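Generate the whole structure from the sequences, applying the supplied hints.
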Amino acid sequence: MSVKKDYVKELEVAREKMEAATKNYYVALEKKLMSEAIKRGIAEAKAKKR
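Quick note: to get our numbering, add 140 to the position in the sequence shown (first position is 1).
Hints in this document: simulated from the structure, not taken from any laboratory. In this text the structure is predicted, and so the values were computed from the model without any measurement. Each statement offered as a hint is correct.
Per label pair, the in silico range of CB-to-CB distance:
id, residue 1, residue 2, range
1, A187, V148, 55 to 65 Å
2, K188, L151, 49 to 59 Å
3, E184, A160, 32 to 42 Å
4, I182, Y147, 44 to 54 Å
5, E152, R180, 40 to 50 Å
6, T162, E184, 31 to 41 Å
7, Y147, G181, 44 to 54 Å
Distance condition first, Cα-Cα at most 25 Å in a straight line; then the derived SDA-like pairs of lysine to any residue:
id, residue 1, residue 2
8, K172, M158
9, K171, G181
10, K179, Y166
11, K171, M158
12, K163, V153
13, K157, E170
14, K188, L173
For each residue, glycine too, the CB sits at the ideal point set by N, CA and C.
Quick look at the structure:
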């Protein structure tokens with residue numbers, strides 16, 4: 141019985157780690173895309189001024 145509980149607990153921990161990693165990945169991706177969009181916006185604004 142305890143073996144099954146340990147296994148279930150390990151699965152829960154693994155799932156939590158996956159969720160955290162996925163969340164971190166999307167947060168990093170969003171930051172990267174935002175910074176690229178900002179840089180592009182600045183470049184376009186400078187191009188319009190000329």
